[in-house]
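Asks: When you get a sec, could you build the whole thing from the sequences and use the hints?
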Amino acid sequence: MSPGLSYAVIRCHAMRAELLNPAVFKTLVEAKTYEEYMDVLNTTSYATGSDTRPRTALELEGFLNQVFIARLQRIVSFSPQRIAEFLRIFFLMRLEIQNLMRIVRLRFSPDSGWTRTLALIPVEPLFSIPYGRLLEQGTIEGFVEALEPTIYKDVKNGLNMAKQHDALWPLEVYLNSAFHVRASGVISGLDPSDRVIVREILKTETDVENVLAALSWRRKLRDRLPPPDFFPYAYRVTPMQLIELIEGASLADITKTVNQVYIRILEPMVELDDVSLVRRNLRQYVYEYAERCRTQDDFGFPCIFSLLVSFETEKDALVALGWGKEQRISTEKLLRYTVLPSVLG
Amino acid sequence: MSVLSGVRPTKGYLLEMQKRLSFIQRGCEFLKLKRDHLAKELTVSLDVLRGRRDTINEKLKQVYDEIVTAYLVLGPSEVRSQTSSVRDGYQIDVLPKSVMGVRYPSISVISRAKVEGRLDPALSKTASLMAEIFEDVLRLAEFEARAERVADELGKTNRKVNALENVVIPSYSQVIKFIQDKLDEESLEELVRTKLIGGAAARRRE
Numbered sequence: 001m002s003p004g005l006s007y008a009v010i011r012c013h014a015m016r017a018e019l020l021n022p023a024v025f026k027t028l029v030e031a032k033t034y035e036e037y038m039d040v041l042n043t044t045s046y047a048t049g050s051d052t053r054p055r056t057a058l059e060l061e062g063f064l065n066q067v068f069i070a071r072l073q074r075i076v077s078f079s080p081q082r083i084a085e086f087l088r089i090f091f092l093m094r095l096e097i098q099n100l101m102r103i104v105r106l107r108f109s110p111d112s113g114w115t116r117t118l119a120l121i122p123v124e125p126l127f128s129i130p131y132g133r134l135l136e137q138g139t140i141e142g143f144v145e146a147l148e149p150t151i152y153k154d155v156k157n158g159l160n161m162a163k164q165h166d167a168l169w170p171l172e173v174y175l176n177s178a179f180h181v182r183a184s185g186v187i188s189g190l191d192p193s194d195r196v197i198v199r200e201i202l203k204t205e206t207d208v209e210n211v212l213a214a215l216s217w218r219r220k221l222r223d224r225l226p227p228p229d230f231f232p233y234a235y236r237v238t239p240m241q242l243i244e245l246i247e248g249a250s251l252a253d254i255t256k257t258v259n260q261v262y263i264r265i266l267e268p269m270v271e272l273d274d275v276s277l278v279r280r281n282l283r284q285y286v287y288e289y290a291e292r293c294r295t296q297d298d299f300g301f302p303c304i305f306s307l308l309v310s311f312e313t314e315k316d317a318l319v320a321l322g323w324g325k326e327q328r329i330s331t332e333k334l335l336r337y338t339v340l341p342s343v344l345g
Numbered sequence: 001m002s003v004l005s006g007v008r009p010t011k012g013y014l015l016e017m018q019k020r021l022s023f024i025q026r027g028c029e030f031l032k033l034k035r036d037h038l039a040k041e042l043t044v045s046l047d048v049l050r051g052r053r054d055t056i057n058e059k060l061k062q063v064y065d066e067i068v069t070a071y072l073v074l075g076p077s078e079v080r081s082q083t084s085s086v087r088d089g090y091q092i093d094v095l096p097k098s099v100m101g102v103r104y105p106s107i108s109v110i111s112r113a114k115v116e117g118r119l120d121p122a123l124s125k126t127a128s129l130m131a132e133i134f135e136d137v138l139r140l141a142e143f144e145a146r147a148e149r150v151a152d153e154l155g156k157t158n159r160k161v162n163a164l165e166n167v168v169i170p171s172y173s174q175v176i177k178f179i180q181d182k183l184d185e186e187s188l189e190e191l192v193r194t195k196l197i198g199g200a201a202a203r204r205r206e
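Taken in order, these protein sequences are the chains called A and B.
Under this note's numbering, residues 1 to 345 are what the first sequence spells out, in order.
Under this note's numbering, residues 1 to 206 are what the second sequence spells out, in order.
It should be emphasised that the hints constitute simulated quantities derived from the structure, not laboratory data.
Worth double-checking, as some hints may not be accurate.
As the list claims (entries may be wrong) - Simulated pairs of lysine-lysine, DSS-like, Cα-Cα distance not exceeding 27 Å: (1) A:220 <-> B:195; (2) B:114 <-> A:156; (3) A:163 <-> B:114; (4) B:195 <-> B:182; (5) A:220 <-> B:59.
Unchecked claim - Chain B is faced by these chain A residues, among others (derived, beta-carbon under 7 Å): (6) 57; (7) 102; (8) 323; (9) 337.
Claimed, not checked - Partner residues aside, some chain B positions facing chain A, computed with beta carbon under 7 Å: (10) 21; (11) 25; (12) 64; (13) 67; (14) 77; (15) 84; (16) 121; (17) 198.
Keep in mind the model is a prediction, meaning the values are calculated, not measured.
Glycine included, C-beta positions come from ideal geometry on N, C-alpha and C.
Replies: Below, the structure is given as structure tokens:
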């Protein structure tokens, strides 16, 4: 093991102390109100000053995103070059794509009477031009043109399709393709055993999202098939199977041919048609898989990777709990749809 | 003040009163018909409303549950961003309609919101469910407004019928009876007087 990697692993072991422990999570879950929830959160590593304390769940989400990005950047700063580059792409580029989609959505329906605010994830652009300049573009055409000099230049290929279908998914497909291309590049720089871990997660996430997109298409537009590049990346669930799914094949039959993990993740879709629970299962699977890999190699890349997955899962759980407390959602429901990392671990 | 104060016990006044009473009784019959029709309309509406409300409440609960789970999984800012991409929201027109002279608002949908291809699968399902029941909610609102106004009108009509049956018609009947009694009394007096005069004249001739 290189000295750089050893140093990063030791730092990551130290950073594990920043993760919330099960007792804190229990207290957070038991909080009666949002204020009580924030009081408990203020006694943890997420403490804020009284004047910067998030007053709403939306503000809390922004704050937790900030904390996550700061932690990610800390890890990137002390990780070896090839791992740092991978982490930046795997975690930050996804956030950047989310931001780009948020800008596109805002430009997509500018004339609507809805009062809206744009909440961007507080991440500096990695490959796109500054968000401020993208926001200045009055139209989607202008937005796509502004992305021309960046790695998202292929988004322009989705513009005609977006107009033809009067939908945003073609642009999202091309943005995600840019992520896949870039991610494949940086993954190849990792050690072979590390590559397996990351590819497994990437494949599972992509396949599950493809299945959800296919089922969503089937629900509304069953009479016409999607264009060929609707599923640019598909792994264990092949594009042919996805088309069969759209045409009416049973999801249970399709997942039977894949593997046990997919059956477990997609089970709520088969039995309850519950997309959110599928997403929750996927998140839990990624978390558990990363943790399992760490237990097999706690002094290498899996240790760094699983820490970031844990931070991200914890952030998502805290956002969900915060929103749930604000809206007074029952604890039973909150726990059903939230992955509490340390509790599972 | 008595209903009989100011009554002129004349033949002409009696005819006028009888004409009025007959007109009021005809009006009362019409009002009773209207009352029965409105009551029937209201009973049917309430039965339908009860059923529809329960169904819609059930569906709304389901939509709310879906929205909550979408928020929990996607996060509030992402849900907010996704929903902002839905353009061309519902456009409705509200025009007045009438049943038995009772005006109520009638809602017609001019254009529907387009959500296909804009939302995450979790939200897309919620939006489809909401779109399914949105027009039912509009119909329910229209039906409730109609039932409310029919009930209001039924109350008014009932009060009018009761007032006519229990107050106006009896008072007119009382006046007519009073005039008739007076006129009968007067004609009897007249007859007696004629007889007496006739008797006196006969005696004088003898």
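Asks: Taking the numbered hints from earlier one at a time, note which ones the structure violates and give those numbers from smallest to largest.
Replies: 1, 10, 11, 12, 13 and 17
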